[in-house]
Every structure is written in structure tokens, then in C-alpha cells.
Amino acid sequence: MKKKAPKVGQASNRKGGPYQQKEQQLWQSILDKDGKKNHLAIFTNTETGQVRYFWQDNAGNLLPPKEGALQEFTIPEFETVKRTFADGLKALKGNK
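For the sequence shown, the tail end lands on 95 under numbering that gives the first Met the number 0, and the numbers increase by one without skipping.
There are no misleading hints in this set.
Calculated lysine-lysine pairs in the DSS-like style (CA-CA distance at most 30 Å, straight line): (1) Lys21 to Lys65; (2) Lys35 to Lys21; (3) Lys81 to Lys92.
Keep in mind that the hints were calculated from the coordinates and are not lab data.
When you get a sec, could you build the whole thing from the sequences and use the hints?
Written as C-alpha cells, this is what we have:
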């Protein structure tokens, strides 16, 4: 990505638009870790809206949560969200 650094903010015809500084920083952090990115595993109970999530390393090992970080929460107004998705899917099926 070093060779892309001079292109930050310059006009570009690439799909993502001009390179951004934060994009350069993200890729540099990945390179600094030898390309070893973490995986976010998310599990949602579709009856209750309870969500649990865990970070895993590149070998699939669970990583400890950061201090004070929640690893589970409930989707607010879950029944409303669930109905909205169901209605949207029904509408999509009706358009086929």
C-alpha cells in the first residue's frame, strides 16, 4: 500500500473512489499483523432478538473481550424489526 500512498485524495476511476487516508491506515494495520485478521462470529436468537458475538483469531480461537465490552445484547423493539423484515421478504417474493 506504500505505493498507493501518493494517490490518497486524488481523482480516481476505481470503483471505491479515491483512496482515503483511513483506508491506508487499515491496510497498514493488516500488513503490520502479517495479514492475520480476526473474525467476528455473531449469533442471533430469532425468537427473542438476543444477540451474542465473539471475536476469533485466524485459527478460530475465541479472543477475550476488551475490558468493559459487551458481548451480548437484545435488539431493541425486536418484534417490530422482525415483522418489517418478514413484510419485506413477502414483498420481494411477490415481485418474482
